[in-house]
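Chains as they are written, first to last, in my numbering: chain A, 1 to 264; chain B, 265 to 590; chain C, 591 to 892.
It should be emphasised that the hints constitute simulated quantities derived from the structure, not laboratory data.
Some clues are possibly wrong.
Here are the simulated PhoX-like pairs of lysine-lysine, each with C-alpha atoms no more than 20 Å apart in a straight line [unchecked claim]:
| # | chain 1 | residue 1 | chain 2 | residue 2 |
| --- | --- | --- | --- | --- |
| 1 | B | 309 | A | 7 |
| 2 | B | 309 | A | 87 |
| 3 | B | 415 | C | 833 |
| 4 | A | 90 | B | 309 |
| 5 | C | 798 | C | 606 |
| 6 | A | 75 | B | 537 |
| 7 | C | 833 | C | 820 |
| 8 | B | 412 | C | 645 |
| 9 | B | 586 | C | 606 |
| 10 | C | 798 | B | 586 |
| 11 | A | 7 | B | 342 |
| 12 | C | 820 | C | 853 |
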Amino acid sequence: MNMNAVKIIALVSLIAGGCWLFGLGLTVYDQFFHGPTASLSKEIKPKETAVNEQQLHLVALGDSLTRGTGDETGKGYVGYTLDALRKKTKRPIQVTNLAIKGQQSTQLVTQIQKVEVQRQLRQADFVFMTIGGNDLFQGGEALRNFSRARIDEAKKVYLKNLDSVFRTIRAINPRAVVFYIGLYNPFNQLNNAKMTSAIVREWNYASAEVAARYPNIIAVPTYDLFELHVNDYLYSDQFHPNKEGYKLIGERVASLISFSKGGK
Amino acid sequence: MTNLVYNEMLKVVRKKRLLIVASIIAVLVALFTYAQFRHVQDVQKRLGTSDWRTQLQQQIIDTQNRLNSSGLAEEWRKFLQIRLQQQQYYLDHDINPSAPGAPTFMRMFVENSIELFLPLMIMVVVADLVSSEASGGTIKLLLTRPVKRWKVLLSKYIAMLLSVSFIVLLLALLSYLISGAVFGYGGWNLPLLTGFTINGEELNTTNVHLIAQWKYLLVELSLAWFVSVVVGTLTFMLSVLMRSTAAVMGVMLAALISGAILSSMVSSWQSAKYLFMVNLSLTDYISGTAPPITGMTLGFSMSVLAVWGLVALFVSFIVFTKRDVY
Amino acid sequence: MRETLIVQEVRKAIGKKEIIKGLSFTLKEGEVFGFLGPNGAGKTTTIRMLVGLIKPTSGCITICGFDLQRQFSEAIRHIGCIVENPELYPYLSGWENLEHFARMVPNISKERIQEVVELVGLQNRIHDRVRTYSLGMRQRLGIAQALLGKPKVLILDEPTNGLDPVGIREMREFIRFLAEKEGLSVLVSSHLLSEIQLMCDRVAIMAKGQIIRIDTVDNLLKEQARTAWKVEPLEKAKSLLEKETTILAERDGMLITYYEAKKLAEWNDMLVREGIRVSEIHPKLPTLEDLFIELTGGETID
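Generate coordinates for the entire structure from the input sequences, incorporating the hints supplied.
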């Protein structure tokens with residue numbers, strides 16, 4: 001390094017310093033004196049990306065069950081279904097899991113109004129969903145402090161929401177197959193099992209009725225899977241399924257899908 | 265004065281500090297570029313798509329799930345909540361905040377280094393600016409020239425400003441050149457959103473507007489420069505006050521690291537917002553991340569930093585011109 | 591002879607403790623002035639005040655007619671100094687160091703730098719890094735740096751510290767040369783009397799922040815030199831000598847008297863006549879310690 005290097009560095013630094021100072025002025029102008037912009041929201045125009053025809057799109061909606069809470073591998077039934085599907089087809093599969101823990105039916109109704117969620121649904125070939133568990137059990141509270149009237153009230157709201165969800169999905173995407181996965185009774189081995197079981201059965205029945213109003217929406221029962229040995233399939237919170245439980249659900253869902261003809 | 269500044273720059277350059285800083289930045293940028301590259305690949309593999317909307321949507325869902333977990337610290341919750349709203353805003357407006365490219369990497373690198381890494385680099389250069397003269401004894405020669413003391417110190421301060429400007433430039437250039445090799449050199453005109461303000465847990469979007477990425481970068485880099493100048497001035501003061509460069513570095517390091525720690529836990533200690541070290545993340549205000557303490561704004565943080573810097577400058581000059589040199 | 595440096599009643603207090611208690615002295619053109627005192631006497635503090643590194647609490651320092659406090663730049667311009675060790679930038683070459691300091695003084699040409707380099711004899715190594723210099727070379731570079739601005743007053747703090755005997759002699763000769771040929775006033779501090787004796791014209795003796803004596807070296811030595819007598823029998827010799835002069839002390843079987851060159855032979859003659867065996871007579875330079883004990887009336891150095 002000779003003397004010139006020092007001069008060059010000093011000069012470059014000086015220019016850089018001027019540049020940063022100018023930037024600071026710009027920052028102050030941009031951040032403090034920028035008028036409100038109302039026009040931005042009008043600019044939205046989500047472009048459809050070119051859909052890879054070969055690719056299968058799988059969208060999962062709902063609550064902690066779809067999320068996979070309780071499965072230490074994190075896969076959940078969506079993961080196990082996917083594993084099974086990958087054995088059945090060579091086509092690449094893209095999974096978008098939009099499930100949110102603790103989500104109730106009302107929130108799901110709002111969620112599927114979102115632009116991007118709808119875009120995902122539009123591309124979907126299959127939709128998996130679980131919903132209602134939180135409406136009914138409210139974390140187990142509802143069944144322990146049992147009140148028929150409250151459950152009926154919850155059920156009414158839930159059924160209305162479920163109908164709305166199904167209708168929205170069908171409106172966005174008429175061809176996707178929707179698998180609505182029903183509830184099981186996690187309290188099957190508690191002393192008031194008889195009563196809770198009855199409630200879950202009724203709940204499932206009513207949900208299946210709603211599903212039946214729309215084409216290609218299939219209500220998948222899980223009640224029977226957990227009926228015997230429920231504790232073997234439950235996670236330590238005695239509410240969510242464990243890995244084995246999720247495997248059961250995954251196997252059942254996967255068994256409903258075949259790619260033999262027509263792609264679906 | 266030019267002669268004096270030239271002297272100081274000569275010393276900075278010949279001590280090879282700038283070279284050290286440049287190599288550290290280069291190594292780190294290379295490291296982060298690789299990490300980022302792996303991350304992008306991993307996300308693509310996991311989601312089976314390179315569609316950024318799907319990726320962003322997935323991030324939103326992940327955040328929502330985290331929000332619903334129990335036992336989440338209140339500050340963290342708030343942070344996630346605001347980031348969630350922002351991500352949703354980007355998604356709703358069909359803008360990809362992390363479109364691949366060197367400018368995007370640069371932006372992320374600046375945002376992540378403004379709080380700790382960049383100040384550390386500044387410290388490496390500035391810490392011994394005055395203290396080395398004291399510990400090396402050369403201060404005696406320096407102050408027995410027919411030059412007033414304040415001029416000697418001013419020349420050093422100007423050399424500090426030049427070095428800081430140079431380091432920020434190095435950071436920008438190196439991160440652009442190195443990451444560009446992997447992510448490509450384009451993306452200067454990508455539109456980005458700025459002007460978010462935060463009211464409690466809500467993201468206020470009334471002032472949000474689009475600016476091109478190059479402008480966004482200029483804004484962020486100049487804020488990084490501002491932070492660096494303030495940190496430089498504080499280090500400069502310590503360098504005047506203490507003979508030992510190691511002590512200067514120690515104190516500064518403690519302050520910076522405590523700042524990084526405090527930022528994540530001071531939300532209930534209101535008056536901590538007057539500490540300079542929790543105000544370093546100026547770029548957070550541009551990108552709209554929640555500040556560590558409610559009520560902090562860009563204007564506030566810049567004022568706090570400016571006051572600290574001015575006081576430090578004042579103290580430096582008073583002490584340096586008045587002090588007896590033993 | 592003109593006076594180049596005038597120090598009047600300079601005091602320095604740190605807190606309540608006064609460490610420099612009213613110094614006054616002057617330096618004349620072309621003389622080497624010694625500053626003698628043990629470590630901790632306040633030499634370095636005084637020197638630092640002379641070059642503006644420490645502000646005196648009170649008093650006045652004038653350099654070539656300029657007040658150091660009020661006209662710092664004009665005053666300091668006439669001073670060249672090395673305070674303590676010649677500390678330079680080790681990562682720069684000798685030449686760059688000189689250039690560095692030259693830039694801080696108006697109107698110093700490359701030729702002037704070359705001139706001082708040749709003056710101190712560093713031509714061969716001047717473009718090497720200072721890191722690689724020996725202590726002697728650093729000392730010389732330090733002097734070159736001090737001479738750059740053509741000062742009228744040169745202040746050197748312990749200039750022979752750490753030098754080997756040859757280096758010390760060179761330095762001494764060089765300092766004499768600067769004073770005699772270049773007409774500089776040189777202020778040299780030291781804690782070694784022998785060194786001061788060899789190069790200084792006048793000397794100030796400092797102890798505990800005060801100048802206890804300023805005089806020419808000759809006078810000081812004359813007054814303070816002693817003669818040691820190795821004689822036998824001791825008691826008889828003692829009584830005989832006491833008639834002529836004062837016996838100051840009796841140490842290791844020797845008698846100590848004042849040193850009076852003219853009378854020495856006479857006394858010796860007298861002793862021999864009285865049958866006393868004189869086996870040794872030698873003049874003894876006072877040690878610094880002796881001087882202090884003498885000048886301060888028995889107080890120790892610290």
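Broken hints, numbered, in rising order? When the structure is compared with the hints, numbers 1, 3, 6, 10 and 11 turn out to be violated.
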